[in-house]
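J.: Dock chains B, C, D, E and F with the ligands against the given chain A, drawing on the hints supplied.
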Amino acid sequence: MENLANIQVIQNMIYIISSVMFILGIKMLGKEATAVKGNYLSALAMFFAVAITCLSLEIDIKIILAGVLLGGLIGSLIAIKVKMTAIPEMVALFNGFGGLATFLIAWSQFNEPDNSIFQHVLVMLTIYIGGITFSGSLIAYGKLSEKLKLGKGSIVTNVFISFFYLSMPAFIYVVIEPSIAGFVPQVPSYFSIFLVLTLMAGIGFVMPIGGGDMPVVISLLNSLSGIAAAFAGLLLLNNVLIVAGSLVGASGLILTIIMAKAMNRTITNILFVGYASSGQTASSEEQGEVKPITSDDAYLILENASSVLVVPGYGMAVAQAQHVVREMGELLEDNGTEVKYGIHPVAGRMPGHMNVLLAEANVSYDLLAEPEDVNPSMDTIDVAIVIGANDVVNPSATEEEGSPIYGMPIIEVHNAKTVFVLKRSMSSGFAGVQNPLFFRENTRMLFGDAKESIGQIVAEFKD
Amino acid sequence: MENLANIQVIQNMIYIISSVMFILGIKMLGKEATAVKGNYLSALAMFFAVAITCLSLEIDIKIILAGVLLGGLIGSLIAIKVKMTAIPEMVALFNGFGGLATFLIAWSQFNEPDNSIFQHVLVMLTIYIGGITFSGSLIAYGKLSEKLKLGKGSIVTNVFISFFYLSMPAFIYVVIEPSIAGFVPQVPSYFSIFLVLTLMAGIGFVMPIGGGDMPVVISLLNSLSGIAAAFAGLLLLNNVLIVAGSLVGASGLILTIIMAKAMNRTITNILFVGYASSGQTASSEEQGEVKPITSDDAYLILENASSVLVVPGYGMAVAQAQHVVREMGELLEDNGTEVKYGIHPVAGRMPGHMNVLLAEANVSYDLLAEPEDVNPSMDTIDVAIVIGANDVVNPSATEEEGSPIYGMPIIEVHNAKTVFVLKRSMSSGFAGVQNPLFFRENTRMLFGDAKESIGQIVAEFKD
Amino acid sequence: MEMYVLLGFVLLLSIFLGLELISKVPSTLHTPLMSGANAISGIALVGALMLSSAGQMQDILAFGAILFASINVFGGYLVTNRMLSMFKKK
Amino acid sequence: MEMYVLLGFVLLLSIFLGLELISKVPSTLHTPLMSGANAISGIALVGALMLSSAGQMQDILAFGAILFASINVFGGYLVTNRMLSMFKKK
Amino acid sequence: MHIVALKSPDSRDHRSVLHPDTVGKITALKGASISFESGIGDGINVSDQTFNDLGLKAISRDECLSQGDLIITPTSLSKDESSKLKSGSTVLGMLNPFYAGEELKALNQSRINAVSMEFIPRITRAQKMDVLSSQANLAGYAAVLEASKYLSSALPMMMTAAGTLKPAKVFVIGVGVAGLQAIATAKRLGARVEAFDTRDVVEEQVKSLGAKFVKIDLGDTGETDQGYAKELTPEQIAKQKDLQSQVCERSDIVITTAQIFGRPAPKIIDESTIKKMKPGSVILDMAVETGGNVEGSIVDEVVDINGVKVVGVSYLASRVSSHASFALSNNIINWLTDFYDEETSQINFDFEDEVIQSSVLAYDGKIMNERFA
Amino acid sequence: MHIVALKSPDSRDHRSVLHPDTVGKITALKGASISFESGIGDGINVSDQTFNDLGLKAISRDECLSQGDLIITPTSLSKDESSKLKSGSTVLGMLNPFYAGEELKALNQSRINAVSMEFIPRITRAQKMDVLSSQANLAGYAAVLEASKYLSSALPMMMTAAGTLKPAKVFVIGVGVAGLQAIATAKRLGARVEAFDTRDVVEEQVKSLGAKFVKIDLGDTGETDQGYAKELTPEQIAKQKDLQSQVCERSDIVITTAQIFGRPAPKIIDESTIKKMKPGSVILDMAVETGGNVEGSIVDEVVDINGVKVVGVSYLASRVSSHASFALSNNIINWLTDFYDEETSQINFDFEDEVIQSSVLAYDGKIMNERFA
Ligand SMILES: NC(=O)c1ccc[n+]([C@@H]2O[C@H](COP(=O)([O-])OP(=O)(O)OC[C@H]3O[C@@H](n4cnc5c(N)ncnc54)[C@H](OP(=O)(O)O)[C@@H]3O)[C@@H](O)[C@H]2O)c1
Ligand SMILES: NC(=O)c1ccc[n+]([C@@H]2O[C@H](COP(=O)([O-])OP(=O)(O)OC[C@H]3O[C@@H](n4cnc5c(N)ncnc54)[C@H](OP(=O)(O)O)[C@@H]3O)[C@@H](O)[C@H]2O)c1
Ligand SMILES: NC(=O)c1ccc[n+]([C@@H]2O[C@H](COP(=O)([O-])OP(=O)(O)OC[C@H]3O[C@@H](n4cnc5c(N)ncnc54)[C@H](O)[C@@H]3O)[C@@H](O)[C@H]2O)c1
Ligand SMILES: NC(=O)c1ccc[n+]([C@@H]2O[C@H](COP(=O)([O-])OP(=O)(O)OC[C@H]3O[C@@H](n4cnc5c(N)ncnc54)[C@H](O)[C@@H]3O)[C@@H](O)[C@H]2O)c1
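Residue numbers (our numbering), protein chains in the order written: chain A, 1 to 463; chain B, 1 to 463; chain C, 1 to 90; chain D, 1 to 90; chain E, 1 to 373; chain F, 1 to 373.
So here's chain A without its partners, still in its complex pose:
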């Protein structure tokens, strides 16, 4: 007994040490220079935690060996064989298995005798979260590997969505019922139903979300699997589970938010819009909506862009932003992005206005291009940054016969993948006409003085 207590103390000590290693590992994973070491450290922590746990086992060693060896083999094989392009779906798959493991742990705990109500709640929570993680991840895997083609709107999808909605009251019921009854029922009739419902719910959760949003969803599921593990830790009174699980849960959440931002969405938008439009006919909300963006988010998008076209206008001159613009251009180039400047002949208020300013800021002549040069390949541009230009990028000049500027050739930034428009307000330019560009699907408005907006982006780059 004494001996056992001692072992427990030692185990706990090692758990603490490996928790600390997990913490440091995650921290190191967040920096390019230390990321590889961080991963090793966290693997080492995992090894310690697992090894020390083996000092006091209850299950048959054969089962354990079989499970670990088989699992290790499968996992390693997949990890080594998989094509690098298929990595996102692999992460989803692994994550699903992690969720399944906690799901099974909680199930097993449910079978234990003498659960307190508190424990019962924990069990149910773990099952619910673990189960959703599992089946949700499988769907995400299917979608990413393009094995699953069902999208939102299909009947099957809608059925699963109903399961998801159903699962919530069901969850509340299984949690509350025993609390009211005051005792915990052993394998009640509804338990297996709940298990199945949970798995269905996970499918319904991920099914309606589009493939492009999958990375965000995977990150969210990853966070969920962490939380499930943490709950399992509470259940098993194991602190390394708690720490590692909640670390993953929390950092995963933050990561999810960051990634959603980088895609210019909010999480609720990703999840909710998925649902909302699944019932309707979708795609009818296109005109009239202005989508503002912050410089943080703009930065995240620019950082991932491989070609950028800067289109300066009179607003750049007013803001005297030429120096920061050049700086941003250089930083983008350092980042491996191809940068060009699209100079419209009448940008500014005098012939050659942009040239004067860009020359002052030392932007090389070789980077300047005329509309004829940039328009044909506009669709290969990842981001067009319109800096205080307005009339010269107004698509109604080419599209709306009645417009006072109709007939002027423009820089057709609206054909780029994404357009940032930097200006202070929605007001019009020299010609006094409204600009439909601002309302396009692929346009984001970065409001504020151009010098400041770009200054902020530059600052982000320098971090």
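Watch out, some of these pointers could steer you wrong.
Stated by the list, open to error - If you want the footprint, here are the derived chain B segments under chain D, 3+ residues with CB under 8 Å: (1) 51–63; (2) 74–81.
Claimed, not checked - Straight-line Cα separation of at most 30 Å, DSSO-like style, residue types lysine-lysine; simulated pairs: (3) F:K169 to E:K169; (4) B:K462 to A:K340; (5) E:K57 to E:K79; (6) B:K340 to E:K212.
What the hints assert, rightly or not - Derived CB-CB ranges, DEER-like: (7) B:G432 to A:D379: 53 to 61 Å; (8) C:M3 to A:Y40: 26 to 34 Å; (9) A:I7 to B:D296: 44 to 52 Å; (10) E:F351 to A:R424: 40 to 48 Å; (11) F:S66 to B:R424: 56 to 64 Å; (12) F:D21 to A:P292: 51 to 59 Å; (13) F:D10 to E:I298: 26 to 34 Å; (14) F:K239 to A:R424: 54 to 62 Å.
In case anyone wonders, no lab produced these hints; they're calculated from the structure. We treat Cβ as the ideally placed atom computed from N, Cα and C, and that holds for glycine.
T.: Chains B, C, D, E and F with the ligands alone, transformed into the frame defined by chain A:
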């Protein structure tokens, strides 16, 4: 008993809540916009923690009331009456009282029967740290309020320093002795000696440190008092003490490091140099030593400067750093710093070289000053930033008759309070002569390409 | 109960820490970080190992938990490592 | 012992959290932050209140601990607040 | 259609309505053949041979006049020459009708269509044809170089071992296209630049070039809907003169660009102001051809008034004749390509079109603009 | 001591050795009285009256010569004039002894001390007296403005509604003080600038102005310890010419500044190169006064070779005469104040001093520099 257990649970819950509030409070204190609220939040957390503790008291309520009321009165009075200029010493004083409180708590625990060896170690640690915090803080208070004039080198100081050194083996002894003996002695003869020695040690710890370094020392003592409180928490099995204490301990430590950096010192340098030179005759190490600085640290110093003189030279031209230089100038001005540019007539490689570049970067002519304009008031300049200039700031031109550049008027940056020299190496300039400026007491070398170095400073400013 | 309170506390603190740790991560590291965190969530393996063995049902559950958790752990770390080694080559 | 381990864990986590929290603080806030942290370290008051009362000696110690901790708490928070209100005026 | 391009008969004007880099766009027009007056490229270092090689034919001026269906000219044609033209042909160019009203009437009487490039409306779509802008722009550039030629110091500041050379102070009055480019050029050269205009909107534009705007409160001023300045009342002019003279006093170079379309340029600087200025300073009057902004300024002369050099230069844009010709020919070609009908090989005089409405002054024997009727 | 300042007898040189902003430093010298040749400030718009008001006296040239103890002059004095000077007096100025060796000997024979400002050593301490630098600097500025006067296009790039005006390409050969300032000025005006020099160290300096250095590998070149370029071998010159001509071909403006102290300037551009260049392009030969870098360049003439304008201008710095005079007078005054002894009111000819050693060519009847003995 059931009741008591319930109370304990509730207490622990509240402790957790107030711990979280402390965490958030400290986080908020670190941002200008939320600092005031952060302080309120942390005060509220304190109130909760104290209030809930009162649910299960053992001590006579009269003692408590007397203590809290009297202490509250004294503390409030001091805080309200004190002149703002005297705040640093007040913080030291309060901090000392906190240390004293833990010191007394540990003492009280020492008197408890049935201490385990583990507890004994904790008690001694708490006493040692708390005691040093207390007496050290008092000395810091005395030094800052200029009530205490003794500096390093005096006999009294040396006596106390000896106490400090003595206290360490003594501490190890009181910790180890009972462990070896295998039992914990009740109020042994040496305990009171240890108490006194601890207090003396605190005095010896702070006494030799110069007044200018006091803020750093106070921050360190603050960190120590937090750690003492955390240990007391372990002793009393109280988690809010542990959390709040270790938060203060850790953040205090970081803060200490940051502050030491901002003063261009390391902590060991502050503490250790204090000791090292206390025995010797001090001030003999002046020539031949180059003191490099990082851009982070340079930023911290610049952020606090109220007047800055930028002295560009050929290196700025080579680095093509004019645009970042102007940006830095503007950021400094936004920060309330007065910025001037000292242009030496022969800086660069052609007449007016600096003018061409600075005009290109849009630095206003009004900010440019000639050596005759800036030299007379050089001693009022907080920081002179020499950007790739060398010969034109070489003091041997005015001081060393033999020098090949003797007789040339220079920009006398060496008379400024602090000088940053930005260059890539220690190599000489056009004239090929070594520059004694680099070895001056008040000079810091920021090595690297000037554009990059300033770019980094600019990035720090933008955070 | 006391135990749960303390463990809950550990949970809370870890969450805070997790939030603080991942506040500024370059976007190139998003995927590896996600993958690395995913591997860590394989810590469920420790939980699986702690399960008690009472009857075949429990054994099956334990085996399943151990198996899947192991896949997660091994696969997760290896994939993360592969991903990170790609960065270095650049 | 189990208790100590867990509490030690809480201690560790809090230290990590403390380190992470104060990594980027503008230098103008150094002094208020120090002062605010100092006030928090008055949490020793809670410890003082928990002391047991067994004899005059213990009472005196408890009284002293309560007294000084209270000074720290009240003085600390008020001074911090005064300092911060100065900033706002600027 | 036979297109002919004339050379400017004024030897001070080195510009050409053809430029080797642009003729490709006309030769590409279906159904058009092109000839040019021999020697047309003399002012821009382009030989007849070069144009020949591009598929154009060199002929004499008289041949041009008698053969052309479309006559492109940098100036108005004399009455004498009008009579040599084919009836029904079109003259396209800078006809300067405010000063050559009689010549316009003569054209009309010979039933020749007259298109004046000065009358391109200032709408966005027509900017590519706006000769006034394209030439004023280059004139603004040339003005600064010209003025600095007469100044006995350098424009930029130079802090040197031989002392600090002060930067020149340049004051630009009238910030239209030319004024803006003058500001930009002077700024580039390192001068301290101040500027003034009666239109308030200009303040922002001046600042957008990094120069200083001089604020003079004149009460109600304004611009016409075409973007030209309105004429000022005499009181406003007096007030402006007074405050401007203070700025002039401290300036080394003053460049005046104030013009009012179709009217003589306003007199902005009088002798009393000039007398207050430092000897050696320079005033360049860009409006000298339309009457001058400066009292005493004479076309193509440098008048010394109390040591102040008042410079009047004609055809400023022609100082950079090559660029000016490139821009000019582009403007003209842009008009032509917009209204040339490749099916009929004719110009499509579509009077629904705003550009045709404004720029065609005479059509089919009718004066289309009532100001010249 | 009576100090007199002479005017340049060459009407093309508008510079003055006195400048109103600097005379204060001489008048402040104890024991010195100052006169000047009437009309000295004509070229910089400064009247005799202005100098009178500053305490100086206007006298005739002959009076200057016969009365001065120290004669400050922008040029050498003719033998005839030498004879009019007081024996034992000192002549200080740009004596140009390489071209006026006889005149120097004449001075020496009359026992007149001769100080040549061209011979200020290139040591840090003496930079403030370095007239070659101060004048070359301004000449470099003037060269660009002068060259752009002859170019028929504008220097900067302008993307306009009337088409994109291409920036001019400027090629600077020889990157000493003048070359650097020429690069800077052309860059300022928005030209694309390339530069070449035989000295390798110059590459960094060219880049420090944002221009492009043309790399031509000539093998061993180098500079003397005074910072002047060494003469090249004939093979090196040939190689350089060949590669340079390729750069010239693509350039609109070529500015040559290559000089070798005390020898005729190297011929760098020959006619075959010029013939390859575009008609209308401009070559400005800054070395034209010392023999010229360009084949066919003539002082103060614009020679047209195959449509290329080869411009030779004398006294380029005098184009910005006011600044040039300010710098020149500062240089001279800096020499004077360093060596004027206020106790004896005499110049302290301390031959221990490096500056005196180099700059004093004749002293007390002895030629001090063996090159002119
Ligand atoms: N180039 C020429 O020769 C010439 C001459 C005369 C007229 N024009 C005309 O000028 C126009 C030029 O087009 P453009 O696209 O360059 O300019 P624009 O159409 O006038 O638009 C400029 C935009 O910049 C924004 N802006 C102003 N200050 C800003 C600041 N500090 N920060 C950020 N944004 C700012 C304004 O929006 P907010 O107010 O919302 O910020 C405005 O919509 C054309 O219509 C052209 O015909 C040209
Ligand atoms: N103005 C004129 O007309 C003229 C003409 C000819 C000669 N001179 C002479 O030139 C000198 C001018 O003095 P100065 O102080 O301007 O220059 P300097 O004495 O030549 O020193 C320049 C310094 O800049 C540093 N540097 C070079 N590249 C750099 C980069 N990319 N980033 C950071 N630092 C860089 C170099 O040190 P590292 O290598 O360690 O980085 C060097 O010590 C004087 O001696 C003057 O007499 C002047
Ligand atoms: N629609 C277009 O796209 C277009 C095309 C070209 C020009 N413009 C605009 O038209 C405006 C006029 O340009 P412009 O160059 O033809 O002008 P301009 O040549 O007619 O006049 C030059 C300037 O002198 C100013 N001026 C007139 N009287 C003055 C006085 N008494 N004192 C001071 N200044 C006086 C005018 O305000 C004008 O700015 C400019 O704002 C220009 O941007 C618009
Ligand atoms: N000591 C000082 O402080 C000081 C003062 C002034 C100048 N300087 C230095 O002295 C050097 C010479 O300056 P300078 O203006 O009197 O030079 P310079 O007038 O004698 O010659 C002009 C330039 O032409 C170059 N050159 C000569 N032959 C050439 C050839 N065949 N092809 C191409 N280029 C050729 C030279 O290298 C020189 O750079 C510069 O580096 C300058 O910075 C130093």
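J.: Next, verify each hint and record whether it holds.
T.: For each hint, the structure was consulted:
Taking a C-beta to C-beta cut-off of 8 Å, the region 51–63 of chain B contributes 7 residues in contact with chain D, enough for the three needed, and the coverage statement holds. Counting residues of the region 74–81 of chain B whose CB lies closer than 8 Å to any CB of chain D gives 6, which reaches the minimum of 3, so the coverage claim holds. Note on K169 (chain F) and K169 (chain E): the hinted pairing holds, with a Cα-Cα distance of about 28 Å set against a maximum of 30 Å. Among the hinted pairs, K462 (chain B) with K340 (chain A) is consistent with the structure: their alpha-carbon atoms are about 26 Å apart, no more than 30 Å.
About 26 Å separates the Cα atoms of K57 (chain E) and K79 (chain E), which keeps this hinted pair within 30 Å; it holds. A C-alpha spacing of about 21 Å is found between K340 (chain B) and K212 (chain E), which places the hinted pair at or below 30 Å, so the restraint holds. At roughly 57 Å, the beta carbons of G432 (chain B) and D379 (chain A) sit within the given window of 53 to 61 Å. For M3 (chain C) and Y40 (chain A), the hinted distance range of 26 to 34 Å is satisfied, since their beta carbons lie about 33 Å from each other.
The hint said 44 to 52 Å for the Cβ distance between I7 (chain A) and D296 (chain B), and at roughly 47 Å that hint holds. The hinted window of 40 to 48 Å between F351 (chain E) and R424 (chain A) holds, with their beta carbons roughly 41 Å apart. A hinted range of 56 to 64 Å holds for the C-beta pair S66 (chain F) and R424 (chain B), which are about 59 Å apart. A C-beta distance of roughly 56 Å is found between D21 (chain F) and P292 (chain A), which places it inside the suggested range of 51 to 59 Å.
One distance hint, 26 to 34 Å for the beta-carbon pair D10 (chain F) and I298 (chain E), holds here, with the actual separation near 30 Å. Taking the beta carbon of each, K239 (chain F) and R424 (chain A) are about 58 Å apart, inside 54 to 62 Å as hinted.
Going through the hint list in order, the structure satisfies each hint without exception.
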